[in-house]
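*Asks:* Here this note's numbering is used: position 258 in the sequence shown is 447, and no number is missing along the way.
No lab work stands behind these hints: they were computed from the structure. Just so we're clear, the structure is a prediction, and the values are computed from it rather than from any experiment.
Subject to a maximum C-alpha distance of 20 angstroms in a straight line, what follows is the list of computed DMTMM-like cross-link-like pairs (lysine to aspartate or glutamate):
hint	residue 1	residue 2
1	K699	D267
2	K699	D796
3	K699	E268
4	K699	E453
5	K699	D462
6	K699	E266
7	K699	E464
Label-pair ranges, simulated between beta-carbon atoms:
hint	residue 1	residue 2	range
8	A280	Q528	29 to 35 angstroms
9	G403	G206	32 to 38 angstroms
10	P519	P784	37 to 43 angstroms
11	A490	R558	31 to 37 angstroms
12	G486	S386	53 to 59 angstroms
13	R540	R390	54 to 60 angstroms
14	A280	R540	43 to 49 angstroms
15	S564	Q528	22 to 28 angstroms
16	A357	E544	53 to 59 angstroms
17	G486	S559	24 to 30 angstroms
18	S564	P784	36 to 42 angstroms
19	Q528	A220	40 to 46 angstroms
The C-beta atom is built at its ideal place from N, Cα and C for all residues, glycine as well.
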Amino acid sequence: MTGRLPSGFTTRPELRGSFGMVAGTHWLAVASGMSILERGGNAFDAAAAAGFVLEVVEPHQNGPGGEAPMIGYSALEDEAFVVDGQGVAPAAATTQRFADLGLELVPGSGLLAACVPAALGAWFAVLERFGTLPLEEVMAPAIGYARHGFPVLPVLSRVLGEVAASWAEAWPTTSAHWLHHGVPAPSSRLRNEQLASTYERILAESRAGGPGRGQLEAARRAVYEGFVAEAIDAFVTAPVADELGVHAGLITGADLAAWRCGLEAPVRRAYRDVEILKTGPWGQGPVLLQQLGLLEGYDLAELSVSELVHVSTECAKLAMADREAFYGDPRRVEVPLEQLLGPAYCAERRRLVGEEASLELRPGEPGGRSPQLPSILARLGAGAPGALVDPLLVAGGTARLAAGAAAGQEQAGPRQPGSRRHPGEARLFAGDQRERDTCHLDVVDRFGNMVSATPSGGWLQASPTIPSLGFCLGTRAQMFWLEEGLANSIAPGKRPRTTLSPAMALRDGKPVLAFGTPGGDQQDQWTISLLVHHLDLGYDLQAAIDAANWHTNHLPSSFFPRHVALGELVVETSLGGEVLEDLRRRGHRLVESPPLSIGRVSAVGVDRHGFFCAGADPRTGQAYAAGR
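Build the full structure now, drawing on both the sequences and the hints.
*Replies:* Shown next as structure tokens:
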């Protein structure tokens, strides 16, 4: 038994039924989506309704200024597709512009890191193409919670409390918007009436599109060519504080007007008896497919618990190294995806998995292509006390721990570099970077449609609130590198290589599983655990979600200040003492975490009897699933 709770116990039942299922990271969003299904809406209507609610009730995890990549399956068109819900860098976002500012990293907060806000455009595009209900009905639950209030999550209260002092001086518009009655207590009522007014004005202007789906195009214009774009354009011209200085934004109304959400073909790879679908390499999704390509060479059901954790961790390290060397927006750079996912390359890479933990970041050479890692990894981690990363050597496309930095050696705490102008400057804003997380939701309906969506960004604690709109911009551009010539180098009109990673599985061409999780760089590690437990070990969805979890930090973080901890493995202690000791013996640098503390996975599916099923993570105490 691989980390399963005793006697087959699960924290909640796997839901089963024949009408429809919704699962996600907040119970109010899940209930709102389910109410749309009950009214006759389809999975796309329900997902959009849930997505709009998430923007209201989890403002520390996502917002209208962020992004919402999705994977969907339309029964009517009998086709799976990716929704390109990721905005692009502004026209002014060049490497030279950042060099002129004296920056080596994009800050993780403020206005400088904003890409085009894509979340609203993504939902409008989905509804226009696949939705059935009027936009007013789909947005009604979100407007209701924004206007009349929603219960404050404990984590939201904590975030607001941690940043209150910084906001009062640095971001007065944010302080005035969220803290005019002080820090809200957990479970108290919080309103965002300005956001409600923004939604209501979008609806009012959408009516100019006449009856039917034309209203969705009118709604899009209100955001990307109308009053929302105008408010953003005016607001970002005033410089605000971020971790690395005081900077104005680069984004303009023209950037918003030039962007439109589109649909793309998913990237696919077979695993066992299903086909897994992910976004292109502008997201990290293909690393899950690479991991599966490595793992398919093992009989996972025959491995011990420690062997399973070790093997999956080493495979994750190899896939993540390739992510750093090769992934980027395929519209702007050539990504050797066919080679990366090919059986020959996977077999070659699998031979690197040994009995001991690797302490190297080892990208491969797909198709003979030489890897290139950011040189800043070596320059920022030169071994000095307080270095950004563990002391690294970067040579020949491989990073490794330098001498004197062996596994298990205690390292100095990370500094916050990235600015030649302010080396070692202390972090401006209090709070934990991990609180800037993500949301996820999954829906399946009785018509045969399925959706997996991962809304994120536009975090209230990461960028100042725009008073007239009731929300802030995103900071996704922090995921770009500012060094020329890398796959993920910043450039105008380019998508950052994001961490957002919705997922779907097909069997015989029909959808059988939609799944995903928040978690940044961990998303495609936590869902590997779900798939292995569900597909290889036969657990139902809820049991697979409840199973003890783990992830590695053996990769450059996608988030400022781009920390990396080679060899570090975070494990839930419910794996058991013997397992943890064996992992230490293999050379993993363990960080122990309490039971049920790693992950926020949700999933919906269709079983072999044709019943719908769903599960949601008990971790954090807010994810839920509903269905009948």
